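A.B. asks: Chains E and U, in that order, give the protein sequences. Residue 192 in this note's numbering sits at position 151 of the first sequence; the count goes up by one each step and never skips. Residue 507 in this note's numbering sits at position 193 of the second sequence; the count goes up by one each step and never skips.
Read the hints as simulated data drawn from the structure, not as lab findings. What you were told as hints is all true, and nothing was included just to trick you.
Calculated pairs, SDA-like style, for lysine to any residue (alpha carbon to alpha carbon, straight line, at most 25 angstroms):
1) K223(E) / R242(E)
2) K491(U) / L58(E)
3) K491(U) / P398(U)
4) K491(U) / R565(U)
5) K139(E) / F324(U)
6) K223(E) / R317(U)
7) K139(E) / L329(U)
8) K139(E) / L559(U)
9) K223(E) / L319(U)
10) K139(E) / T564(U)
None of the values given here were measured: they were computed from a predicted structure.
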Amino acid sequence: MPSAPKGPRLRLPVEWLGLLPFAAFAVLFLILPTMRIVIGAFQSPDGGFTFQNFIDLNTASNRNAYWTSIRLSFMTALLGCAVGFGMAAAVVFGGLPKAIRGPLMTFSGVASNFAGVPLAFAFIATLGPVGLITVWLRSEFGINLRAMGFNLLSYWGLVITYLFFQIPLMILIITPALDGLKREWREAAAVLGATGLQYWRMVALPILFPSLLGTFALLFANAFGAVATAFALTGPQLNIVPIKLFAQIRGDVLGNPNLGYALAFGMIVITAAANFLYIWLRVRSERWLK
Amino acid sequence: MTRFLAWGIFLLGCLYFLLPLVGMGEFSLRMRRGEYSLDAYRVVFADPRFWDTFGYSLMLAAATIIVGIVLVVPTAYWVRLRLPQARPFVEFITLLPLVIPAIVVVFGYIRLYNTSSFLPLTGSALGTDFLLTMGYATLALPYMYRSVDTGLRTIDVATLTEAAQSLGAGWFTILGKIILPNVMVAVLSGAFLTLAIVMGEFTMAALLNRPAFGPYMQLLGANRAYEPPALAVIAFAITWGCMGLMQLVTRFAKHERAKG
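The task is simple: from the sequences and hints, build the whole structure.
C.D. replies: Now the structure itself:
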């Protein structure tokens, strides 16, 4: 009799062994490297525990880098959500031909992955000093973008460029959510005498709100962690966190390796907060959209 | 009124997406003064470094895809078959690469696997290539896992396994000959996405100092005028090709299923 309860208890660890390769990969190439950064952020050069790195990080230049990064991510996420929502809503409710939808989704898949170095080239060729639009506006209309203060290698230049992958990501995520709005809800609202605006304000938007806010958080993290586009566009000059960290890893520009850890730790905290918001809100929104 | 507004928004959006594509296409043709020519592409294709870096990234993409398949298919299968209680834990891990920026992960690699560490991977070119492949595998993990897991949902894993076992198949046979072919479409669509990600990746390759396609494009962008947009057109074509192939295998699979 004593062997009966023993059986399953002995089998359990054997089953978990099946996850060993995956767990080893995750520990070696995701968790340990991240832990190294997190621990390093709280270490003094001789290895003791300290908050000094964060105190040293608190300079005008570093604060400015975080602030610019946050503003950039916020603005591109906001505009990305607004324009992406508009385009998705136009296709789902606006009475546009059904044939448009497939190509739009495919294009969104391509464009959301067309980030990084080539994207920067495309915008330099279009809005750069001798780009297509810049030259065209100057020769046809006498509008000199540069004289008007527009510079592609600036905050607003980055915003316009980042939108090229932010808007499609929004379209990809929000279109299924818009499809999930049931026809009956609109009809029920109409029967009760609601106008179109009231339906959106009191029924559709509250249901979509977790999806919208969640996608906003995802876009925010997406922009915050992006390095390649900004680097190819502006080189190492622009003062945003990912570029600064890139320069720090390459050549210790902050003059203290532990400051690099602290800089990276700040990035993890911000993107992790945004992403957990996204995951939590997605779980909430899926309740309605099944 | 609604329809007018919808068309307006949609067309404005299209304009925003089309102009940079037209811009890079047009600029890439402007190398010869006064007329359009394919000179920029000729220069790019004549550059041996283009082919070296392109081939290098392609090889790394293949390695990444193999690592991804070997890692993800057995794990997702095992979780479905025997360890459903491990699902939240595994899913959480697969989402981590979206949470931790790639630049932070590679920063960790550089500090953890440097020449004076317990596993000095960055000490040799081969070791660094291995490290870069693992880095790419983490980038691809969220997409690969979700794709394969969705694929597994459509087949009856338990019955297939029992049937194979009663015919005497071992675990390798079951995974290689039963499970993998059944989720091939999901694996392929994950593989094409991985290819698209790896071919354009810049940060990890640049910081690990490997001669990949992304850093090559960046270097050319800093020094030349007409070749970069030509490269952008090529990169866009690659991304488009990968996405097209993804759709193609999915559509193909639907046909197969409809027939059967």
